[in-house]
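Place chain L on chain F using the hints.
Number of protein chains: 2
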Amino acid sequence: MSKKWVFLFEEVNEVEKERGSWNAVRLLLGGKGANLAKMASLGISVPPGFTISTEACNEYYKVNEKFPEGMWDQTMVALKHIEEKTGKKVGDTVNPLLVSCRSGAAQSMPGMMDTVLNIGLNDVTAQAMIKLTNNERFVYDSYRRLVQGYACIVLGLKDEIFEKPLEEYKKEKNMKFDNELTAEDWKVMTEKFKKIVIDHGKEFPQDPIEQIRLSIHAVFASWNSDRAKVYRKKANIPDDLGTAVNIVTMVFGNMGEKDSGTGVAFTRNPSTGEKALYGEFLFNAQGEDVVAGIRNTDPIVSLETKIPEAYKKFIEESQRLEKYFTEMQDIEFTVERGVLYFLQTRDGKRTARAKVKIAVDLVEEGLITKEKAILRVSPDDVDTLLHPQFNEKSQEEARKSGKLFAKGVAASPGAAVGRIYFEADTCEKKVKEENQDVIMVRTFTKPDDVHGMLVSKGIFTNQGGATSHAAVVARQFGIPCVVGASATIIDQENKTVRVGDILLKEGDWVSVDGTTGEIFACKLETIKPDLTKQVELTKLLSWADEICAKEGMRSGENMPSKGLQVWANADYPADAKRARMFGAKGIGLCRTEHMFLGDRSLILRKFILAKEEKEKQNALAELQALQTKDFEELFVEMTGLPVIVRLIDPPLHEFLPTLTDLIEEVSTLRAKGVEDKDKENLLTNVKEMHESNPMLGLRGVRLSIVKPELVQMQITAVFEGACQAKKRGFEPIPEIMIPLVSHIAELKQIQPELEKVAAEVLKKYELDIKYKFGTMIETPRAALTGGEIAHLAEFFSFGTNDLTQMTFGYSRDDAESGFLMRYLQLGVLPENPFKSIDTDGVGKLIRMCVTEGRTQRPGMDIGICGEHGGEPRSIKFASDVGLTYVSCSPFRIPIARLSACHALLK
Amino acid sequence: MSKKWVFLFEEVNEVEKERGSWNAVRLLLGGKGANLAKMASLGISVPPGFTISTEACNEYYKVNEKFPEGMWDQTMVALKHIEEKTGKKVGDTVNPLLVSCRSGAAQSMPGMMDTVLNIGLNDVTAQAMIKLTNNERFVYDSYRRLVQGYACIVLGLKDEIFEKPLEEYKKEKNMKFDNELTAEDWKVMTEKFKKIVIDHGKEFPQDPIEQIRLSIHAVFASWNSDRAKVYRKKANIPDDLGTAVNIVTMVFGNMGEKDSGTGVAFTRNPSTGEKALYGEFLFNAQGEDVVAGIRNTDPIVSLETKIPEAYKKFIEESQRLEKYFTEMQDIEFTVERGVLYFLQTRDGKRTARAKVKIAVDLVEEGLITKEKAILRVSPDDVDTLLHPQFNEKSQEEARKSGKLFAKGVAASPGAAVGRIYFEADTCEKKVKEENQDVIMVRTFTKPDDVHGMLVSKGIFTNQGGATSHAAVVARQFGIPCVVGASATIIDQENKTVRVGDILLKEGDWVSVDGTTGEIFACKLETIKPDLTKQVELTKLLSWADEICAKEGMRSGENMPSKGLQVWANADYPADAKRARMFGAKGIGLCRTEHMFLGDRSLILRKFILAKEEKEKQNALAELQALQTKDFEELFVEMTGLPVIVRLIDPPLHEFLPTLTDLIEEVSTLRAKGVEDKDKENLLTNVKEMHESNPMLGLRGVRLSIVKPELVQMQITAVFEGACQAKKRGFEPIPEIMIPLVSHIAELKQIQPELEKVAAEVLKKYELDIKYKFGTMIETPRAALTGGEIAHLAEFFSFGTNDLTQMTFGYSRDDAESGFLMRYLQLGVLPENPFKSIDTDGVGKLIRMCVTEGRTQRPGMDIGICGEHGGEPRSIKFASDVGLTYVSCSPFRIPIARLSACHALLK
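Taken in order, these protein sequences are the chains called F and L.
By the count of my numbering, the first sequence reaches residue 916 at its end, each step adding exactly one.
By the count of my numbering, the second sequence reaches residue 916 at its end, each step adding exactly one.
FYI, nobody ran anything at the bench for these hints, they're computed from the structure.
Every clue listed holds true.
Selected chain L positions facing chain F (in silico; Cβ < 10 Å): (1) 674; (2) 706; (3) 755; (4) 790; (5) 816; (6) 840.
The model shown is predicted, which means the values in this text are computed figures rather than measured ones.
Glycine residues also receive a C-beta, built at the ideal position from the N, C-alpha and C atoms.
Same shape as in the complex, but just chain F (with noise of 0.2 Å):
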């Protein structure tokens, strides 16, 4: 016996007890096919038909093309099947079946494959047709669409030679729309199509048995369209999963105005989540009809009074529907003369907003778990609902009438709209004293920049890629930006930015995506969701809290007691305060060279270039004073949570003017025989600290080894702070985190002398409080001697940025607006490994690191910090690797609290 090909609708639960379960089912018969046939087997009124199985279409590439063995006779009996239930037979001359052809494949793939319509129809059946259905109009206008359909999906043709004489003719006769054509003019235009097809070599058969065999094979080839397959590629869905084939009774929407038509409709509303039926019907027209926007469509509700008993029927049957699938349900229906028919039922798209609603309401309603709302929310969702975003009507228009000026790396998301600055200090200015809409525009970012950044709408460069100073600013505080505009000719004298032809000067409009990376030269229209009314997400996140915190009990070798916890990087007060109101469990990376901003980079600037033992003194006094007060107010904000307070990290160069700057107007100086001793000293300065690779270059604790007085300033700091805020009633939790170790003998060095001035503090305050000493862990060599490192490190971080950065040995700054661009365009790397941890290299050195650390101080706290903390496929990881906790900026907390739960759950 051949194997089993062709299943009817009624058999599906018999199927599903073989498979064993309801995804094997769709596997087997594609979505469309399962979903009828569970229809069906709910006793939902569904046009009789069976599915021919994506097993048969495998097989069918396998044996070249052929339909494998038994499967057309098993269509033959199917069809017997449908006959008798439908008291109708194919071709025949008084009461014929005609059915449709269409594919269904297990993952959705919209538009991409084949559907054939009225098969049965030919100059036979159409007479019989007449007589039944006593409409010539309807018989011939779908006549036509056979041989048209037929002639472009199963014989190859273009659409366009059948459109353009049924456009010639409409014109000729003086009309416009296809309703307004005749039973007449179908008439003519089936016979001219008829005539059009054998014009082209190629045959119409009049045997229906034919039109459905070929429909079968047209539909298998479809599969494997070359559309299909870019679709797919793109998509992610394997090439074998193959197509189903659902031959299906046809019913007609278009048999009479009063009692017949097709309708869409969503169980809820997929713009706002809603629970509330929303869709739309058409009297008098068959389903594509209402797609085509042929006419205008009348709102569902419009069925109650007219066809109430079809109405009636559909909210039941719509109701059981979502209650079955627990699920929105997006349906497509029929009435013929009164008789609901039910043609497809598919779980809805719909909007990141109505997702979430959805989600939630589902749970309060009893039909699905908090585990099951989650995963049916994506990080990107929650993406979507932090960030305004462009009206995309108008974005859309800018594009096409060529507004669009550049592109560049999607780098923070987010809508803005402003007038283009090119220095921090005008943007300020601009801001604080015109209270203008700015967008800060430059050639790449320096902290230097800061304090103008923060005041933009939104910020775009010409060089840095994702994980740029710019970008990684840009998302800390979640201005939209794009990075690596490098199509963009930034003029910083002239004050001016040119693509092309297009100049843009200083007080120009622009509108910057930050989550496609485009730049229109115009003002765009926003819609800015309300954070605050984000009740279903709020509610979302503290049920991810919840089950992180349950299900994150795991216990095993060198596992943490805890699921993954979600900390921010946080550098100021406000920050904090942000960071706890979106649900954060700690700061993981207090940056406090961002303290260091704005003016009292000049007090810093003091200090590097003293000549002076006490000029040096008075700086670093300066600076403390002002940290002190930052931290107090830090820990104020954290209070009874864990802050991890970064020693300064940067080279002291980003300090001071660049060193090609420089140059340039010392040369014009002295070209133009101007004496500026300032200058002149301060370029001597600036070459002395110029490195050939400042990423590799004196920073973090190598500073911190050759400038003590620095980080024992930091140090005094973070104690005075905490005591400060401990004095005031408060609970701060200070752990310094000293950066880019690469050898414990430099933890050695540094990490006692430091223990020594924080005990000091203490002492001086006669105050108890827990502290820890950490590192990040953000060169190779530190995670590869993890062990060592823990006899002195109490908690690891890792920098994943720069661990990235030095295991690939790729520049972030160079790579990503460079060769990675390319790479990434060539498909040589399959994505980007500054944005999603690289698992197999990096990952690897993470893997030893949090076993060799853990083994040699058990439970010790392992966290990630950088960038990618807050990117989903890298939560995921560090779930796996078992994480303490991952920090990110505050913006992305809810992302990251959706993300850690979902690798708990997948």
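This is chain L only, laid out in the frame that chain F set:
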């Protein structure tokens, strides 16, 4: 019974048997005691004596600087034994026994510890000695020496309180040398010295036993003197070795002009290694007088006629000693009234040259094995033999007279004298046109400078470390070089270099010592060893190769089938020839970019700046013709041996002017209103290509992927060259190495493409040439994923410079003259990881990679081609890990060959 602390010389063979090895005896009795005792046991004439063990010394410190229990009693018994043997008696009024009390540790610490001579003299025994010797002058001279020595060593008084009165006395008496003093004079001085002791509140004991007791205390105490501790720390001698104390009967070479005297002799020439007795003799003198140079000594052969029996015996016995110790001996001896006494024998210090010759000679004399000979020569010795050096005396004088201009990193050993020039072109011109000796001075060097470097005698730079471009190139070509001389202020524009007040101008003479890192502002005398005449070195190294090939036959998992080979880093045919002469078994690294220097850089520049495809193709064709010829000659030179050709590695901007220079130039032109379109255009290009961290930027395989045409040209040239060589009857073995791979995907992208090019060339010539494609492992990620990478790569070569750089996150260019230098000063790191491989971190990666690589591809060739390839400890590591070869610059090959053998033997 108390422990045995005191050992008679006669007991030595028993001790050796009991302790199991000669080394254990030396540890117990110290070098001097053990050798004296061994001589005695061999029947060689040694004054009777005994040794108090080093264990006694250690116990002495354990029990708070008291003699350990039983030690003093044992000493008295041993003394009695000597008395019996000599027939003399301590303190005897007729025939008194005089002894010396000498320190002697297991490891020689010359001049660090104390010795007291003539113990046993007092007012009474002096008279007895006068009667016995009939030589009053000798006795009073000896007595005053005892008083003086005892006072200084035991009582802690200062030498000058005795020397000053002696000088005054001589002045008063109008005498110049000590030997002018009469018996009466010495009598007066003896009394004076005794009075000085009392005047300083101390006491010279008349009791000889008390003299012995306190002298032993003093010798023990000298073990822990400050200077001894400092010396031990520097020489890496453990503090718990302790010193032995030797009590030896005094013999006197100052008992007459004819038949008494004292001498020192080496059994071979310590300077040249020649097999001939080499020494001096001083008639009528005591030991230290020879060294003190009080009178001119006679050559040792003068003994032959004057005291023929003693001479004959000395010749016989000294040869016996050399044979017994199988090593050149350094002997002290005394002839007392015609009787020869050996006072000391030890392995003699010698020059590197002598060391090699003696080791080889001893093998050929059948005294030692080849292995032993090899182990007796250190890599530093070989290094010394390979480079010209300054005359030490003139160098020391220059230091003293303030001619030392600056110090930097000793980057490439050897001595160079020449006139300074600041630009590569000028250097080349001065050499080629004016035949000058040139020292190149640069802030740092770039590939563009190489033509100038190659013609220079020496190089010094202001920036960079031991693996900077300047250092690497210099070592490669054996050019003495000092880098990172950061105290220098180089003014390229005015062509001056300044340190403090010393200003050197173009054309001034300097001397560069690449071995010490010193730069002198003067001409120093140099000594140039003739390499081709180093017959013994050549022989020794051939033995090393033999042993490596034989002893290296190791089996076991992931071990190569042969011992560690030494290959060369060589870029040109002349290089290859030299490498082969020095014993290279292949070329491990041919840096093809070095073929783009000089005039050719202009062609490459055309390629880089080309705007049209045709320009680009023309430049490529020009380069290809040149490279093909280069490769052909390289394969000819290396016929039958593998040549690993690395595809272009550095970023292309290295072939253009530096950004800062250009900005300075263009800004100046602009300020002066001069429009230079070419320069402006060049600046735009250079700006575009600028990278923040070029070390982590667009280079290596990344460049190959982004600009495949360049490496395709290179592959064509390699295989065209190989085919040409093959046609001429040579046997080319090309191996292509792809640099800077981080991810197998990069190899997947480029390697098949290049293999295709290679196959096409071979097909064109219809030749069958074996070749391989492999990769450098220089990023941590490559090392971490070695198993994966070995799927495609047929061999690995660790680029340990970059690997160290990225594993530590230390930019070598910045670190070595910056914080890393500070780390080494502070002792944070014990050594520079760019110099000697970091076995814990970088080594861990290498081990992982070797294991995983060879698991995937058993027996694959794996080598090191970084700078570490020529460093002995790194070579040891490479051997231990089971690498196939190390590749180093031709001039380091001899060192590496020796080290590779040491690695196996140690």
